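> For this one, chain A is given, so just place chain B on it according to the hints.
Number of protein chains: 2
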Amino acid sequence: MERKRYKIAVLGGTGAQGMGLALRLAAAGHEVTIGSRQAERAQAAAAQLSQRLGGRAIAGADNRAAAGAAEIVFLTVPYAAEQATVAEVRGELAGKTLVDATVPLVPPKVSVVQLPNGESAVAAVQQNLGETVRVVSAFQNVSAQHLGELDHAVDCDVLVCGDDQSARELVVGLCEDIGLRGIHAGPIRNSAAVEAMTSVLIAISRRYKVPGAGIRITGIVKT
Amino acid sequence: MERKRYKIAVLGGTGAQGMGLALRLAAAGHEVTIGSRQAERAQAAAAQLSQRLGGRAIAGADNRAAAGAAEIVFLTVPYAAEQATVAEVRGELAGKTLVDATVPLVPPKVSVVQLPNGESAVAAVQQNLGETVRVVSAFQNVSAQHLGELDHAVDCDVLVCGDDQSARELVVGLCEDIGLRGIHAGPIRNSAAVEAMTSVLIAISRRYKVPGAGIRITGIVKT
Numbered sequence: 002m003e004r005k006r007y008k009i010a011v012l013g014g015t016g017a018q019g020m021g022l023a024l025r026l027a028a029a030g031h032e033v034t035i036g037s038r039q040a041e042r043a044q045a046a047a048a049q050l051s052q053r054l055g056g057r058a059i060a061g062a063d064n065r066a067a068a069g070a071a072e073i074v075f076l077t078v079p080y081a082a083e084q085a086t087v088a089e090v091r092g093e094l095a096g097k098t099l100v101d102a103t104v105p106l107v108p109p110k111v112s113v114v115q116l117p118n119g120e121s122a123v124a125a126v127q128q129n130l131g132e133t134v135r136v137v138s139a140f141q142n143v144s145a146q147h148l149g150e151l152d153h154a155v156d157c158d159v160l161v162c163g164d165d166q167s168a169r170e171l172v173v174g175l176c177e178d179i180g181l182r183g184i185h186a187g188p189i190r191n192s193a194a195v196e197a198m199t200s201v202l203i204a205i206s207r208r209y210k211v212p213g214a215g216i217r218i219t220g221i222v223k224t
Numbered sequence: 002m003e004r005k006r007y008k009i010a011v012l013g014g015t016g017a018q019g020m021g022l023a024l025r026l027a028a029a030g031h032e033v034t035i036g037s038r039q040a041e042r043a044q045a046a047a048a049q050l051s052q053r054l055g056g057r058a059i060a061g062a063d064n065r066a067a068a069g070a071a072e073i074v075f076l077t078v079p080y081a082a083e084q085a086t087v088a089e090v091r092g093e094l095a096g097k098t099l100v101d102a103t104v105p106l107v108p109p110k111v112s113v114v115q116l117p118n119g120e121s122a123v124a125a126v127q128q129n130l131g132e133t134v135r136v137v138s139a140f141q142n143v144s145a146q147h148l149g150e151l152d153h154a155v156d157c158d159v160l161v162c163g164d165d166q167s168a169r170e171l172v173v174g175l176c177e178d179i180g181l182r183g184i185h186a187g188p189i190r191n192s193a194a195v196e197a198m199t200s201v202l203i204a205i206s207r208r209y210k211v212p213g214a215g216i217r218i219t220g221i222v223k224t
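Note that the protein sequences, when read in sequence, are chains A and B.
Using the numbering used here, the letters of the first sequence correspond one by one to residues 2 to 224.
Using the numbering used here, the letters of the second sequence correspond one by one to residues 2 to 224.
Since the hints were made in silico from the structure, they are not lab data.
The hints are all genuine.
Copies of the same chain are indistinguishable here, so a pair counts whether it falls within one copy or spans any two.
Heads up, simulated DSSO-like pairs for lysine-lysine below, C-alpha to C-alpha not over 30 Å straight-line:
| no. | residue 1 | residue 2 |
| --- | --- | --- |
| 1 | Lys-97 | Lys-110 |
| 2 | Lys-110 | Lys-210 |
| 3 | Lys-97 | Lys-5 |
| 4 | Lys-97 | Lys-8 |
| 5 | Lys-5 | Lys-210 |
Only a predicted model underlies this, so the values are computations on that prediction, with no experimental measurement involved.
Pulled out of the complex, with its shape left as it was, chain A reads as follows:
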């Protein structure tokens, strides 16, 4: 069965997490544009990834243009830039799905759980954007390094949180497209656990001296 191909923007796509996701989404056949504050930086990253993919091209643009042209917008910026980036593209998001992969890491203690205002960072984004944007949280626990290695399977599930079930369903499908297992993990508030788990995975990776520990959910059979 042919899966639907989407126009996807990856904002902050010049970082490791964004480049890994853009690479896999493009390899799966989606039409990907990398977004950055500066169009030139986005285009440079896009050119680099396009080369890795052989013929298949990834585009680059500034964040607003990238978001404006997309059906689905990924947000993969550092935590400190999350709210500013959302504000920048706010006008381009109405009626779309925003997939937020931001983790509230507060350097230098990135291996210690930080809960912004005692809750999920992405829950605040959903609240700011209101109901016209379907916000989904996903991909926080997947190591950027593993994502970037296209020929490797990634041994990590993607916990997908969001208040809109059909938007979660869409993201679970995108996970499948890029070789990951997406799992419905409840409303957007539940993203607090997933965001916080990234710090735990960093702590574990350091303790056991491995490049990127991940998680798997056990005991489920997908319906």
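Below, chain B alone, put in the same frame as chain A:
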């Protein structure tokens, strides 16, 4: 290599989680006493478990007596009783390790993450008890049902958080004793992620209609 056998109290050991842990700890050769507010209830639960174990006996006592006689104290009470139980046994805990398995579930919405005061419930316990008690958080993600089925392997890792490394080490060893993999997951603050993850696992179990989803950490090799 013979492992050390400990005197262990399981407070709240008349609940499903406590009974499962008591059962497995006793089966592994530890000297287990179930604690409850009422000694009679603890003794009834202990008698029931002792019968399941054949000859090996589990004792029952009120919480203070159980904690007083133990080297290691497990806390497996409902969230609403956590602070009161800690206050009740406070005088018995000095110099000991307290293993807190409490999950801040707030009925009826137990499948939605609740963060008490925006942080970990057990971090507050460590703060209240001070440095003379080594508080370790563990076992929140392990389904009581799976724990209670002695002849089944439990397909779930135990994330072990605590500020004292040797106390964490002790609990990782206890996990091994009862057939589980314990993983060092950082300081007590990181327990916020683990506690919150239990609500996510409940949400997942409901969504996928399974009795008790669990988690595994991937990409590590134990040292």
